[in-house]
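There are 2 protein chains.
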Amino acid sequence: MYKMTATFMLHTCVCFSAVADEGMWLFNALPEEHLKQQHGFEVSPEWAEHLMLSSVRFNSGGSASFISSNGLVLTNHHVASDTLYKLSTADRNLANDGYLATDLQAELKAPDLELNQLVSIEDVTDTVNQAVKATMTPAEASKARQATMAKIESESKAATGMRSDVVTLYGGGRYHLYRYKKYTDVRLVWAPEAQAAFFGGDADNFEYPRYCLDVTIFRVYEDGKPAQIEHFLEVNPDGAVHDDLVFVSGNPGRTQRILTADALEYQRDYRMPRILNLLRRKEILMQQYALGGPEQARRGQDALFGLQNSRKAYTGMLAGLQNPEFIDGKRAGESQLQNQAGSDQPWRVISDVQRQRIELQKRSGSLRGRIYGIAEDIVLLTAEDQQPSEQRLREFRDSNRQSLEQALFSPAPLYDDLERFELADELARFCEIRGGSDPLVVKVLDGQGPRERAAALIQDTQLFDVEYRKQLVSSGWSGVESCQDPLIKLARLLNPEYRALRAMQEELDEQERQAYAKIADAKFQLEGESVYPDATFTLRLAFGLVKSYQQDGQTIPSNTTLGGAFDHQAAHGKQGEWVLPDTWEQAKDKINSSAPYNFVCTADIIGGNSGSPVVDRQGRMVGIIFDGNIQSLTADFYHEEQQGRAVAVHIAAVLEALDKIYDADELKQQIGK
Amino acid sequence: MYKMTATFMLHTCVCFSAVADEGMWLFNALPEEHLKQQHGFEVSPEWAEHLMLSSVRFNSGGSASFISSNGLVLTNHHVASDTLYKLSTADRNLANDGYLATDLQAELKAPDLELNQLVSIEDVTDTVNQAVKATMTPAEASKARQATMAKIESESKAATGMRSDVVTLYGGGRYHLYRYKKYTDVRLVWAPEAQAAFFGGDADNFEYPRYCLDVTIFRVYEDGKPAQIEHFLEVNPDGAVHDDLVFVSGNPGRTQRILTADALEYQRDYRMPRILNLLRRKEILMQQYALGGPEQARRGQDALFGLQNSRKAYTGMLAGLQNPEFIDGKRAGESQLQNQAGSDQPWRVISDVQRQRIELQKRSGSLRGRIYGIAEDIVLLTAEDQQPSEQRLREFRDSNRQSLEQALFSPAPLYDDLERFELADELARFCEIRGGSDPLVVKVLDGQGPRERAAALIQDTQLFDVEYRKQLVSSGWSGVESCQDPLIKLARLLNPEYRALRAMQEELDEQERQAYAKIADAKFQLEGESVYPDATFTLRLAFGLVKSYQQDGQTIPSNTTLGGAFDHQAAHGKQGEWVLPDTWEQAKDKINSSAPYNFVCTADIIGGNSGSPVVDRQGRMVGIIFDGNIQSLTADFYHEEQQGRAVAVHIAAVLEALDKIYDADELKQQIGK
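If you read the protein sequences in the order shown, they are chains A and B. Each step along the first sequence adds one to the number in the working numbering, with nothing skipped, and position 509 is 509. So the mapping is simple: the working numbering equals the position in the second sequence, first residue as 1, plus 1000.
Derived by calculation from the structure, the hints in this document are not laboratory data. Built from N, CA and C at the ideal position, the CB exists for glycine as well. Heads up, a few of these hints could be off.
[Said to hold, decoys possible] Non-contacting residues of chain B with respect to chain A, defined by C-beta distances greater than 10 angstroms in every case (computed):
#: 1; residue: Ser1069
#: 2; residue: Ala1131
#: 3; residue: Thr1135
#: 4; residue: Ser1154
#: 5; residue: Glu1325
#: 6; residue: Arg1420
#: 7; residue: Ser1437
#: 8; residue: Gln1459
#: 9; residue: Arg1502
[Unchecked claim] Far from chain B by the CB rule (all over 12 angstroms, computed), these chain A residues:
#: 10; residue: Thr127
#: 11; residue: Gln228
#: 12; residue: Pro237
#: 13; residue: Asn277
#: 14; residue: Cys431
#: 15; residue: Phe524
[Unchecked claim] Below, a list of computed lysine-lysine pairs in the DSS-like style, where the Cα atoms sit at most 25 angstroms apart:
#: 16; chain 1: A; residue 1: Lys574; chain 2: B; residue 2: Lys1182
#: 17; chain 1: A; residue 1: Lys443; chain 2: B; residue 2: Lys1330
#: 18; chain 1: A; residue 1: Lys330; chain 2: B; residue 2: Lys1574
#: 19; chain 1: A; residue 1: Lys109; chain 2: A; residue 2: Lys133
#: 20; chain 1: B; residue 1: Lys1086; chain 2: B; residue 2: Lys1182
#: 21; chain 1: A; residue 1: Lys668; chain 2: A; residue 2: Lys109
#: 22; chain 1: B; residue 1: Lys1133; chain 2: B; residue 2: Lys1143
#: 23; chain 1: B; residue 1: Lys1362; chain 2: A; residue 2: Lys362
#: 24; chain 1: B; residue 1: Lys1547; chain 2: B; residue 2: Lys1036
#: 25; chain 1: A; residue 1: Lys443; chain 2: A; residue 2: Lys362
#: 26; chain 1: A; residue 1: Lys109; chain 2: A; residue 2: Lys470
#: 27; chain 1: A; residue 1: Lys225; chain 2: A; residue 2: Lys86
Please work from the sequences and hints to get the whole structure.
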């Protein structure tokens, strides 16, 4: 699934030049010439603006679009699953069983969703770069740059009231100010069953052909009423036939296409194997937790799905890197760029940074897990508040406060047994990373084994109580500094090491930023403006053709049908993850079995694009992205167009399912209007 | 489950002194005084010899006993599972469905089982040590020692016809020659369903209370007829009541109780985390393979169970090491030993060896997996055959040839899709360990990604054909040297690195052997002869009391009952792994529900003890070991008697099940007679 793996975010962002239908293009720098020449399509400013304003970003790591004038938002089930999970209880499993609000009163408010609608982009490169003087050390440069960025953001927020983010593009070659309208009252309207949305489970994930109704509908509210939406997508249920040109408007999370060969080797030999070890560890852990019983299985389900998804994605990415041809080819191409740049100095800097990153892996000043994350956030937030906004760690700047508090004070349920289970493993992992004799480990464990220590911490903390968290934050640093809550004490204990490592990482990031900016300049000079920046979880336009492909000597058709889902179920003996919901069996005779269900196109996407609308030349919705096939998993490093494909749910299947399977004709009637 | 995790064998073996009912005692040095004083039990030579000769070792990693005069052997279902798996096909899943041979003709011959019955022990310490001169380097010493051991073994085999193994005890303090009668015609008589044997699955594994019929019965044959067995165990279905003294006669695989604090830190911070990463990786891999369909699930099942079991065991072991008290206590105790030894030199040597082991982890000259293992064995075996037996790598000595060939030429099925899946992962892992730019990795991948390379290797190799393997071996090194089979070529390519690493490891092992021999001497001097050696997968006697224990404020009774299995099923909603087989449901009313089912005792056991008979003071069988509880998982490093317990199936339950559930009264009548 192409949701962003938010826990493994980028540490740098880079750029690449486009061939064929490759590219994740900025809305203020669309590839007009290429579209005109290759596809005879002229991008009008109105077309682009309408699509941009109809697109929405989910803070939980995905994309979406407005699909009605009365606030309906269409995204993936697996993007919504975080919210479905938080709205569920032991007696009501929305993620598994689905939901349909029969009227407005029945629409369920998400505890902590934030939706962002991009409304403008402004180039602030000069302002940001002017803050950095040539004489500054990397640490000073990083601080100065961040201070300027925070200042630009604060001023923008004050002037416009909008969420304002300065985005680093081309690895540091450009800085753009993105302004967003925020929606924080988001309510669940409809979700199908997990059996329909994730039909075929982990086995079919990242495979094709597929048969998944991976969609969910929310509605945004303002002032307690459905929001009036000016820009929303009409639908075209007849579109996306073979060879059609289609566009994808969404928020790809991270690509690393300009990485130097040395940086790629670091990814291949250190970072990715390490991440995979972590993912597999947590996947087994969550499987073990789920063995505790049906309620434990439910509590752990969302995390487990996310881990499986990431593990499969990273396995594919690492396989791409381990193919010797790729990095060899990359290295061969570097000499031309180095000639253009007049020096290999940026490459040497990057190479040196990788060596330092390997060293940093032997330290850790933090623990994963929601409850420890809350403790850490409270300690950092109150400490940072003692300084002016511009001097704080970036996520604690004033302009981000509202979003941060929405997460920190979320009423979403936390489960003490699950938190204890995860914290015990995190303490063990902390011990493994630093070694059991490390003085900080000794202090953290406080004479106990990881399990006993975690049990004591979870038993005695008050942080499960949202009101207590609010009190702590409002007490400021003086309150937090003397707080005796054991998790707050633990976060205080780790705080100096966390800060030391964070500072070192930011210094390395700045060195890479400056180096990649030079490499990007060389690329601009060599290849003109036909260059798109690496993905940054901001709105981009991709495009491509609806297109079949060859695999193992067979032609894989560009689309599947609703009837094919029943055939696929039969082919797998109607067992395991290949069991359609009862609602489907009951509606089987009513469904138009030849209606298109899922389809593929060559558009260049990656995690974060989940939920992106797929539109036709007229800007009408024809589908919604939810996955890429296994061949596309190299997308972090390069776009593969021979076999690599983006996978979408066809809008015709959504409409058919609402009508024939889910008795939601009234909802269906609102869509596109 | 307490099967030996044969894939992660010991690299050294050590010794420890006993308190309470701790200890895995040599049959030629039983703790007679302790048994007399603590338990009023006098060990007679006849009692001990009868028990020794009634005990059997499985080469697949477990223990067992003779239970009838006509060759019946009782072991665990999970010890037998390797054979059940090899005897299964797509249409006949013996591991899941169980089996009952209704007459001798229906007994199924295991493809490659070897059973060893220990018949004598002889101290050869002086001979072995005389081979090593003080002036020798560790490498020379290691070679000289191994040559002498191989010579002793060959001479013994020639003189007696028996399997003859020189066993290194007390980490090098003693060398004993063990002679075994071998049984290689071993046939399956009866196995229950996996649902009964492994009731509660991974969740209940290493937990207590338990309800598992973890048993299987084989029969050994000689000259095509059931072997006549002089020493077999009678049974006592009324025994093993609370507070009874019981004995366990079996083959604990490996303990590391004398490890120095520095060696324990190496285990805690490097070796165990690394093994756990590997186990989790392979567990996820086999889960993924099983998603391919029911037949893939069957093909991968035995491996998956083994991986889960090891992962859970190692997790418990590491948790024990991560408790700060343990290593702190160990270090505190070392000064007394160092005073006795008159030097801390052995401790410094061991500390230095650990540092070198960490460096060795960055290299690899081998790949896991059955088909590559066959290629490697053929390359090594034919190369080693060019030298006299005493100078070969130890496993290729003449006296071991028969056992080696039984494994190498086994007709047990190999599945090309499974081997391809595993080999692809091994090539990826090889790339991760050494780094993708390593020249050897580049040669191994031969320009392809791991998946493509594995597919090509598996497609083109002829090693799936047993006859081809035999031809290759008989062609000798000259045939193998010019062989163009791609897996043989790959094993030849890796061979120099394999040998280099092996030599370094043996050098380190020898350094440790000499150092631990000195530490063992110091211990002997301090504590007299009340010292047992660390486990070496050779026959040992343990003992203890059938005893309840306290956990979370509750008393855990020393035994469960057959009726309790139905209650346990109901408590878990009769779902997942908590579903008893149909045979049990059908027999429910006939079963004596109060018959003892599983029970615990304080005996000191570890992996490899699976299948060990538990006997009473009269030497009659009262049960069969199959597991330890979670608190006992520290046993690698120390025996925990407060809560740690060995878990056994009561013999009464076996007899009751044969009679009432499995319609095997005729088989039952043979047992103990």
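Any hints from earlier that this structure breaks? Give me their numbers in increasing order, please.
5, 7, 13, 14, 16, 18, 19
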